[in-house]
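Chemist: Below, each chain spelled out in residue letters.
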Amino acid sequence: MAISLGELASRFGCELIGDADSPVDNLASLDGANSRSLSFLSNPAFRNKLATTEAAAVVLRPEFAGDAPNACIISDNPYASYAKMAGVICPPPAFEPGVHPTAEVSASATISATAHVAAHAFIGDNTTIGDFSFIGPGCVVGPDCEVGDHGRLIANVTLARKVMIGSRCILHPGAVIGADGFGNAMTPEGWVKVPQVGGVRIGDDVEIGANSTIDCGAIDDTVIEDGVRIDNLVMVAHNVTIGAHTAIAGQCGIAGSTVIGKRCMFAGQSGVVGHIKICDDVIVSGQGMVSKDITEPGVYASSFPAEPVRAWNRSVARIRRLDKLSERVKKLERDST
Amino acid sequence: MAISLGELASRFGCELIGDADSPVDNLASLDGANSRSLSFLSNPAFRNKLATTEAAAVVLRPEFAGDAPNACIISDNPYASYAKMAGVICPPPAFEPGVHPTAEVSASATISATAHVAAHAFIGDNTTIGDFSFIGPGCVVGPDCEVGDHGRLIANVTLARKVMIGSRCILHPGAVIGADGFGNAMTPEGWVKVPQVGGVRIGDDVEIGANSTIDCGAIDDTVIEDGVRIDNLVMVAHNVTIGAHTAIAGQCGIAGSTVIGKRCMFAGQSGVVGHIKICDDVIVSGQGMVSKDITEPGVYASSFPAEPVRAWNRSVARIRRLDKLSERVKKLERDST
Amino acid sequence: MAISLGELASRFGCELIGDADSPVDNLASLDGANSRSLSFLSNPAFRNKLATTEAAAVVLRPEFAGDAPNACIISDNPYASYAKMAGVICPPPAFEPGVHPTAEVSASATISATAHVAAHAFIGDNTTIGDFSFIGPGCVVGPDCEVGDHGRLIANVTLARKVMIGSRCILHPGAVIGADGFGNAMTPEGWVKVPQVGGVRIGDDVEIGANSTIDCGAIDDTVIEDGVRIDNLVMVAHNVTIGAHTAIAGQCGIAGSTVIGKRCMFAGQSGVVGHIKICDDVIVSGQGMVSKDITEPGVYASSFPAEPVRAWNRSVARIRRLDKLSERVKKLERDST
Chain Y
2 MAISLGELAS RFGCELIGDA DSPVDNLASL DGANSRSLSF LSNPAFRNKL
52 ATTEAAAVVL RPEFAGDAPN ACIISDNPYA SYAKMAGVIC PPPAFEPGVH
102 PTAEVSASAT ISATAHVAAH AFIGDNTTIG DFSFIGPGCV VGPDCEVGDH
152 GRLIANVTLA RKVMIGSRCI LHPGAVIGAD GFGNAMTPEG WVKVPQVGGV
202 RIGDDVEIGA NSTIDCGAID DTVIEDGVRI DNLVMVAHNV TIGAHTAIAG
252 QCGIAGSTVI GKRCMFAGQS GVVGHIKICD DVIVSGQGMV SKDITEPGVY
302 ASSFPAEPVR AWNRSVARIR RLDKLSERVK KLERDST
Chain B
2 MAISLGELAS RFGCELIGDA DSPVDNLASL DGANSRSLSF LSNPAFRNKL
52 ATTEAAAVVL RPEFAGDAPN ACIISDNPYA SYAKMAGVIC PPPAFEPGVH
102 PTAEVSASAT ISATAHVAAH AFIGDNTTIG DFSFIGPGCV VGPDCEVGDH
152 GRLIANVTLA RKVMIGSRCI LHPGAVIGAD GFGNAMTPEG WVKVPQVGGV
202 RIGDDVEIGA NSTIDCGAID DTVIEDGVRI DNLVMVAHNV TIGAHTAIAG
252 QCGIAGSTVI GKRCMFAGQS GVVGHIKICD DVIVSGQGMV SKDITEPGVY
302 ASSFPAEPVR AWNRSVARIR RLDKLSERVK KLERDST
Chain Z
2 MAISLGELAS RFGCELIGDA DSPVDNLASL DGANSRSLSF LSNPAFRNKL
52 ATTEAAAVVL RPEFAGDAPN ACIISDNPYA SYAKMAGVIC PPPAFEPGVH
102 PTAEVSASAT ISATAHVAAH AFIGDNTTIG DFSFIGPGCV VGPDCEVGDH
152 GRLIANVTLA RKVMIGSRCI LHPGAVIGAD GFGNAMTPEG WVKVPQVGGV
202 RIGDDVEIGA NSTIDCGAID DTVIEDGVRI DNLVMVAHNV TIGAHTAIAG
252 QCGIAGSTVI GKRCMFAGQS GVVGHIKICD DVIVSGQGMV SKDITEPGVY
302 ASSFPAEPVR AWNRSVARIR RLDKLSERVK KLERDST
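Line by line, the protein sequences are chains Y, B and Z.
The first sequence lines up with residues 2 to 338 when you count with the numbering used here.
The second sequence lines up with residues 2 to 338 when you count with the numbering used here.
The third sequence lines up with residues 2 to 338 when you count with the numbering used here.
Hints listed in this document are in silico derivations from the structure and should not be mistaken for laboratory results.
Please note that a few of the clues may not be correct.
Copies of one chain are not kept apart here, so a pair can be met inside one copy or by any two copies together.
For lysine to any residue, the following SDA-like pairs were computed, each having C-alpha atoms within a straight-line distance of at most 25 angstroms [as the list claims (entries may be wrong)]: (1) K331 - R315; (2) K325 - R315; (3) K50 - Y80; (4) K293 - H276; (5) K293 - M266; (6) K194 - S258; (7) K332 - R321; (8) K50 - G33; (9) K325 - V310; (10) K194 - G149; (11) K331 - A318; (12) K263 - P309; (13) K293 - K325; (14) K278 - N49; (15) K50 - D32; (16) K263 - P189; (17) K50 - P70; (18) K293 - I320; (19) K194 - T242; (20) K293 - N185.
My request is simple: use the sequences and hints to build the entire structure.
Modeler: So, in structure tokens, the structure goes:
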């Protein structure tokens, strides 16, 4: 969508330096921009690219304003300001309200007149789809679910049952919410399935990535609070609570009944064992494994960076001989006294 | 479903202390229970919650019977007894037999008259769906498959081809069974695909989690024996065998041609390399990586618990200097003689 | 498909020792072969199985020709030659061209007359499906996509939008290509979504495993070059480039904006952090974590092999005391001078 720089800047409370009437209608990196592009400079390392950018305007911090060849929009948080403006220039695709004739909708479901239910979607009994929500092709929304207003289930998303989703949530393709948790009781004859009768409650403004899975609670609900961001292929087990505005990167796993605080960040492939509690503002680095309560905000880590395999194998061997090394030191200490 | 405590207890061979006529119709934690709830006490740490629970009855071990304020059901394995009783109170959702008009069923497929094939499901050539089985919305069951009796493919499950599934199996949404294994032969011009012509054989009473994948065998079948429990986002590669009653938690990966014994347990994000053999009754802890045969039952581990990042980085640096530390000790030993 | 040994051998430039007219029509291991099977010997460890195989012919290296009881086909790369011949004997399933009546195809889409669009598939606006391509049941191909010739989207695959796929690509069930990258800008009020407006460009002869996800670029495209092989449950984040003929095994994750070279190999569950560069011909072992640029070809590793838990816990404890051990050695050194 084309919009003038003046309107963009004023809508988000930023100062514009340049022609307020210039239009922008696309987003670009500094390198790839044209005369109708909005671009941004967030990482100062790329400052040298400002000189040659053709962008109509660059969103940047005040100290870089002098370097922009064309217009610039001043912000103390240029990445966030760019994100908001980008959402105006490139809004999510529009859709017509209505239920596609190939969709299968239960007679007891309630679909807002402003919602769209796409081809081959399925809406189960007693389920409600809110205003301006989009249920994409191939989505299955099981019984007793609720999708709030302005929700978007892109395609092939499954809400198994008893999944309550707030407003403005985005669920990417293949996400599965509300499937049975992994509840099994051991007996001499093998496992007995423990019925999983809880649901999943998801707050407002939550985004869930492609092929991620969030299981229903065993008895009570699994809870994802407002503003949580979950990347692709993430596993959230039954009875977990994820605090507001926590971000969880790709392939992380949170085991059952764990409670995660607010504004935490989990880097890719990290894991958290079950039945523990992590306080607010904790950051876990890539492939980290959290195995007990964390009560202090901060950064936590436990993974080794890859090395050439010979060096690494030597380290592994040394670690295995640490006991012996320690004994040799003890002997030296004894001998030296 | 409402059922009397007396009938519940007698059906599963447990002693009831309390009014046999009291009905229960829901499952609850000790905290959340009401006068028609069945609850349980498995972990003695929660014993203090017994005093205030409003549950109609609590399933518990004999030594705690005196602490229950209302009725109790005595069991030496209260979690398993609760699981069985819970399955009666909250059975899987009922369904009508029949093929939904929007489902697409091959003329050569055989669908039991008591099975349900839901909206937008697809059933391929020569495929058989057994008695009382449920093929949920959006499921794709490819050619030459067999789903046994009382099976449940919840929604958007894919059986690619040549997948044989026993009785009473549950496949959660997004699970993909029988896709091609990762078979590639290197040539100077790049990879050549190795056709994957085996199938997948799954026993009785197997449960497979959301978005997990089990590949078909390259030539022979991939095999999942009776009673195996697989959680979400698990990867089982081609030609693997998983022994009966083994449980595999979320995001584990088992590489090709590996043979896993019976009653093993794999905690979340653990991995097993290909072409090895793991004996019965092995437990692998979270993020563990099994890289060679295991011939002795027991618990195996290889992951570090996360620490504050500064402490962790110091450990990493120390490990990298272990060679030097070892040499210094050697020098001290030489000098001391 | 039945084919004579003579034709097989000559088609792929191999020498045949045995009856050129003998037909083969199935693939088998040396153990499981019958008189119409093609088998192969790639790993010399299985050489002893040659004596008893019933295979019509075995593809093998010249030095083993004397051990084959029946015919043999000589190749310096028997696994690759077998793979090519196997592709002739067991070609992918044939299909009729045409659009299934239950498929939903946009009026602005272009479907080749030789392509197949299966039941309950969805083809979005301005999307093109090339010659002889197969779009399986339940697949969703969003707007502005292009699937080249001879492509196969097996079932329940999702191409979200702006996904360009070359010729002869295979996408296994549940794969999601082109979903939004994980772009979030932090503000005091929580995360702001950064619109993801790039696409995904995939070369020729690429294979992508079940339930893997490849996100669209934030601004420019995510790129997968020719001949890349991606296994199941792999995560490729936004703006990544994967070089030609690189192979990525199950559950690997490549974080955003990383550039991977050609002919690399990533073993299962390995990970690569964002914004780095890995040169050609790098191999990363299972569960390895690459945290900085790699500029030299070779094998890299960082994961421990699992040990019995008591030995492992002792190693962990020793590592945590390394600081103290180092100090003790320092003291000994001081004392000894």
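Chemist: Give me the numbers of the hints this structure contradicts, sorted from smallest to largest.
Modeler: The structure conflicts with no hint, since it agrees with every one listed earlier.
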